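Student: Sequence:
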Amino acid sequence: MTSDRAAADSSTDEVAASDDDGVGRPSVPYRFPGTSPIASVTAGRDDLQAGESSGDVVTVAGRIMLSRPQGRLAFAELRDWTGSVQLFAVAASSERFDELVKLNLGDWIGVTGEVVRTKRGEVSVQVANWTLLAEARVGFGDKWRGVHDVEVRYRQREVDLWANEGVRDTFLLRSRVVSTIRRRLDARGYVEVETPVLQPLAGGAIARPFVTHFNALHADFYLRIAPELYLKRLIVGGFERVYELGRDFRNEGLSPRHNPEFTMLEAYQAYADYSDMAELVEDLVAGTASEVLGTTSLTYQGRAVDLSPPWRRATLSEVIAEVTGVECDMGMSVEELRTRAASLAVAVEAGWGPGRIIYEIYERTTEHELWGPVHVMDYPEEVSPLVRSHRSKPGVVERMTPIVGGREIAEIYSELTDPDIQRARLVAQAAARDAGDDEAMVVDEEFLRALGRGMPPTGGIGVGIDRLVMLFADVASIREVLLFPALRPEHRAAGDEIDAGGPEQSRAREPGEAAAQA
RNA sequence: GCGCCUCUAGCUCAAUUGGCAGAGCAACGGACUCUUAAUCCGCAGGUUCUGGGUUCAAGUCCCAGGGGGCGCACCA
Numbered sequence: 360m361t362s363d364r365a366a367a368d369s370s371t372d373e374v375a376a377s378d379d380d381g382v383g384r385p386s387v388p389y390r391f392p393g394t395s396p397i398a399s400v401t402a403g404r405d406d407l408q409a410g411e412s413s414g415d416v417v418t419v420a421g422r423i424m425l426s427r428p429q430g431r432l433a434f435a436e437l438r439d440w441t442g443s444v445q446l447f448a449v450a451a452s453s454e455r456f457d458e459l460v461k462l463n464l465g466d467w468i469g470v471t472g473e474v475v476r477t478k479r480g481e482v483s484v485q486v487a488n489w490t491l492l493a494e495a496r497v498g499f500g501d502k503w504r505g506v507h508d509v510e511v512r513y514r515q516r517e518v519d520l521w522a523n524e525g526v527r528d529t530f531l532l533r534s535r536v537v538s539t540i541r542r543r544l545d546a547r548g549y550v551e552v553e554t555p556v557l558q559p560l561a562g563g564a565i566a567r568p569f570v571t572h573f574n575a576l577h578a579d580f581y582l583r584i585a586p587e588l589y590l591k592r593l594i595v596g597g598f599e600r601v602y603e604l605g606r607d608f609r610n611e612g613l614s615p616r617h618n619p620e621f622t623m624l625e626a627y628q629a630y631a632d633y634s635d636m637a638e639l640v641e642d643l644v645a646g647t648a649s650e651v652l653g654t655t656s657l658t659y660q661g662r663a664v665d666l667s668p669p670w671r672r673a674t675l676s677e678v679i680a681e682v683t684g685v686e687c688d689m690g691m692s693v694e695e696l697r698t699r700a701a702s703l704a705v706a707v708e709a710g711w712g713p714g715r716i717i718y719e720i721y722e723r724t725t726e727h728e729l730w731g732p733v734h735v736m737d738y739p740e741e742v743s744p745l746v747r748s749h750r751s752k753p754g755v756v757e758r759m760t761p762i763v764g765g766r767e768i769a770e771i772y773s774e775l776t777d778p779d780i781q782r783a784r785l786v787a788q789a790a791a792r793d794a795g796d797d798e799a800m801v802v803d804e805e806f807l808r809a810l811g812r813g814m815p816p817t818g819g820i821g822v823g824i825d826r827l828v829m830l831f832a833d834v835a836s837i838r839e840v841l842l843f844p845a846l847r848p849e850h851r852a853a854g855d856e857i858d859a860g861g862p863e864q865s866r867a868r869e870p871g872e873a874a875a876q877a
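The first sequence begins at 360 in our numbering and counts up one residue at a time.
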């Protein structure tokens, strides 16, 4: 074994210093250059006939997913992140055949050999030389059924990615969605910026923050719940089109649609209003779907979603009437609206104005019934402290919330730019906070000072990237689009490994034993 | 935080009313020159999540705790 190993290593330009790592394990090279993606190796082989050799010698590397030794022949499935190919080994011509057939499922190897088609018609790499790249000392799941225990899937995502078809595709899709959105924004002249995640005040949204301590400043800081206020300060500073695509943190419950840290796109454009920004959202969503999925006609959880713009726009009152049959209007008296809320079994708190009541009715009765795409608009001022008042309708603001596939996937504003009005709104929020609403906003003097220097008319959007990916990937849980979703920490003693007992024991050898076998 | 459900071999799952804890795959040993979840023979594998309790007898019933899922609430 020692001499064989050395021979294998000499075929690369990296040679391990010794045969094992000091604990009886075989050594592996430091690099394995010159590999071709498996997808490129198998592509364009249609004219290769069964039993024929192509003459092309390739080097591929990946993980052994299936193994079918058959006497003096052996077959295996080798998979890299582009695809799979069958390995075909022959005892008479394949290097270290006996060792090759003893490899375990999950082991990584590099292989050099000719591309052939077997007598039974499978395009294969006929193994000439091969090199062990890594052992799977902890076993993977059932080779056919995969791993379905969601706890294992989320806690040990590396297992999930290999054992379950499609999981890797979902995350590759996510990556393409994010890069496509960036490219589309860049093409529109937006610049990407990075603003603080650690903030002295958690502003820009209505949510409970995570708190941490900044030792050097002797102060508690907050993980951002939104970058909004900083991005608006950049608009004041003359950055006319900015976006930030990053993580926000909200100290709230977990659910199939909520993870405490999630990915948000926020974009702001000077001289634009919420109609302009609605078109941007439609273009980002539908355009990205076209690029990444090749269509704007999706199916989400068995139901059709047509993303092609323009999307319908409807007011809160309109959608409430459609869903419940009850007419509600901002012009109605509080008493009238309370009666209508009561008729819908919606609880109303004392002191709520007409807008707050209508919003509550919408959330309780209507929002979860909408499928979309539809921009829900004319939100009440009371629940939208950072949004500019409607240019013609009293009591409401210029805000749209697009519902797509039954979920809010974005917020779209004509931004409030007047420092005095903004101060009044934030003071009202602070009062609510003092009255016990610990999710209400605080007064951010730095932000208000910035507005005082003049903020041009500006449109802004926030897009929930996780939910967008859920829509595109047609999955019901946010955990399916987060590589490592939030879970309770594992409380397990050292050495109490979940998968102990795979190929582990059989491979634990005395240090001298490997050499003795040579 | 509350409610409901769930936890059995490395993985996927069985186990009748409370009656000897099992199978397939993986792993391990062997056979096999065209396999496709190869097949065949053999071997081994368990704190039934944890701790109590009831019982002649508990994977199963009861209590407490832990992990996970779903729902409610909050939100994107």
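There may be inaccurate statements among the hints.
Listed below are the simulated EDC-like cross-link pairs for lysine to aspartate or glutamate, each with C-alpha atoms no more than 16 Å apart in a straight line [what the hints assert, rightly or not]:
(1) 502 / 545
(2) 461 / 494
(3) 461 / 436
(4) 478 / 524
(5) 478 / 411
(6) 752 / 805
(7) 752 / 688
(8) 478 / 406
(9) 502 / 473
(10) 502 / 406
These are calculated hints, taken from the structure and not from any lab test. Remember, it's a predicted structure, so these values are computed and weren't measured experimentally.
Student: All hints are to be evaluated individually against the structure, with a verdict given for each.
Tutor: Do the hints match the structure? See the list:
1. A C-alpha spacing of about 43 Å is found between residue 502 and residue 545, which places the hinted pair above 16 Å, so the restraint is violated.
2. For the hint linking residue 461 to residue 494, the alpha-carbon distance of about 12 Å falls within 16 Å, and the restraint holds.
3. Simply put, residue 461 and residue 436 have alpha-carbon atoms about 14 Å apart, close enough for the 16 Å limit, and the pair holds.
4. With a CA separation close to 28 Å, the supplied pair residue 478 and residue 524 exceeds the 16 Å bound.
5. A threshold of 16 Å between alpha carbons decides the hint, and for residue 478 with residue 411 the separation of about 8 Å falls inside it, so the pair holds.
6. Between residue 752 and residue 805 the CA atoms are separated by roughly 30 Å; this puts the pair beyond 16 Å, and the hint is violated.
7. Our distance criterion of 16 Å between C-alpha atoms is met by residue 752 and residue 688, whose separation comes to about 11 Å.
8. Distance check on the hinted pair: residue 478 and residue 406 sit about 14 Å apart at the alpha-carbon level, within 16 Å; holds.
9. At most 16 Å may separate the alpha-carbon atoms for a hinted pair to count; residue 502 and residue 473 exceed this at roughly 27 Å.
10. With a C-alpha separation of about 31 Å, the suggested pair residue 502 and residue 406 falls outside the 16 Å cut-off, and the hint is violated.
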